[in-house]
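Chains as they are written, first to last, in the working numbering: chain A, 1 to 278; chain B, 279 to 362.
No lab work stands behind these hints: they were computed from the structure. Predicted model, so just to flag it, every value in this text is computed and none were measured. We put the CB at the ideal spot given by N, CA and C, even for glycine. Please note that the accuracy of each hint is not assured.
Cβ pair distances, simulated, as ranges [to be verified]:
no., chain 1, residue 1, chain 2, residue 2, range
1, A, 73, B, 319, 19 to 25 angstroms
2, B, 329, A, 156, 31 to 37 angstroms
3, B, 316, A, 80, 25 to 31 angstroms
4, B, 311, A, 18, 42 to 48 angstroms
5, B, 301, A, 73, 44 to 50 angstroms
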Amino acid sequence: MSWHGHRDDPKLPKPVREVWRRKFSNRRDKNRQSNVDLAVLDSKGELVHWFDGFRRVEPQGFRGGQKRESLASYTERELQIALLGLDPAEIREKKNPLVLPGLEGPGIRVFVQLLDDRMRAYRAPVVEAVALEKADWKALEYPRKKRTVDAGDLEKWLAQVYPPGVMERTSQQTKKVYQISKVEGTLTLESAGSSGKTRYAILSGQVKLTDEGPGDFSYEGKLEILLAYGSSQAKVVSLKGVFDGIYPRYSRVQERVRKIPLRAAFESLPLASADSRG
Amino acid sequence: MKTTISSLALLLLAASFAPAQDSAVKSVLDRYADFRPAAKDLAMYQLDWAPSLAEAQKRALQEKRPVFLVIIHAQYGDLTSGHC
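Throw the hints in and build the complete structure from the sequences for me.
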C-alpha cells in the first residue's frame, strides 16, 4: 500500500502521523533523510517498525574497505527487523499472480520506460490503463483507402507517454507532474493485408508531445500501431504498437540536456475490442 | 496478349505486395514484443496492492496479515502506476 501527502495535511492517517512524529523528532539526521519512508503495521494497524526508504548505512572502517550497502540488502535487513516485532502467526508466505493495472471497461494499457543508463530507477516500467469510449475508437476504424489521422484524436492514451519521477517537470507550487497538454502529428492509417478472417491496418507517423509546464517543453517519437479488424466491420478488434522517442532531460549536475530514449508499448485491453464493436 | 501481360503483372504485383504487408505486420508485432516489459520487469505487480490505507487495514484485520506501507512525503503521483 502506498500513501503520499504532506505534513500539514489536515487528516494524516494514524500510522503516517506516528512515523513522521518519530522521523522528524530526530533533528540530528535531518539532512540525511529522504522523502520516502517504509513501515510495517500489524494486522490491527499498529506500527511495528519503520525506516527511511533510502538511508543506507555508510561503509564503516578503513579506506578501500567495505562497499556501500545495496538498497536491496538494506531494505531486506530492515524488513527482517520488522518480522521480529510481528506475531509469527501473521507471517505467511503468499505468492500472488502478476496483476497489471486494468479496467472494468474497454481501453488501452500503456507501458512507458525511460532508458536512462545513469538513473536506472527510471527504467522501471510505468503501467497505465486508460479507459476509452466508443467515440475514441472512431478515428481508428478500418481504412478502405489510405488516410491521415490527427494524433490529437488519440490524446487520451498518447498523453500517458511521459517518464516517471522527472523532478524538473514537476510544478513547484502544486508538487504535481506537468501533464501532457498537446499531442500533435499527422499519422497515416493504411490497410496491411489479412489473415483468415482478420484484417490489419497500420497507423504510423511522428508524434510530438508538449506538457503544460513552462518553456513549451516537448519531445517527439515515432508511433507504429497495428490494428486488427473483423472481416466485414470497420470497428477495431484489437490494437498493439509502440512509441519510440527521445526525451531531452536536463541534467542539473552537468548543466546540459541529455537525450534519453523514451519507449512505450500499447495494447488494447481485452474488453476494448469486444465492447467497441457494433 | 496485352491483356495476358497486364494480368500477369497484376498477379506479380499482388504476390509481391502480400509478403510486404505480412512483413510490416510482423515488424510492428516484433517491436511491440521488444518494447513491452517482460514479466520479470513487472514483478512489482505481483505485490498485493490495496487501493487505500483504509482498505489495506480492513483486509489486514480480516486476513490476519501485516501491512507494508510506503509513505511518500510529496504529491508526485501514483506509485502503483509508476507515474510518480
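Tested hints:
Range check, residue 73(A) to residue 319(B): Cβ separation about 21 angstroms, and the 19 to 25 angstroms hint holds. Distance hint for residue 329(B) and residue 156(A): a CB-CB separation of about 22 angstroms, inconsistent with the stated range 31 to 37 angstroms. For the hinted restraint 25 to 31 angstroms between residue 316(B) and residue 80(A), the CB-CB distance of approximately 29 angstroms keeps it satisfied. Between residue 311(B) and residue 18(A) the C-beta distance comes to about 46 angstroms, which sits within the given range of 42 to 48 angstroms.
Under the hint 44 to 50 angstroms, the C-beta atoms of residue 301(B) and residue 73(A), about 47 angstroms apart, fit the expected range.
Of the numbered hints given earlier, the model fails hint 2 alone.
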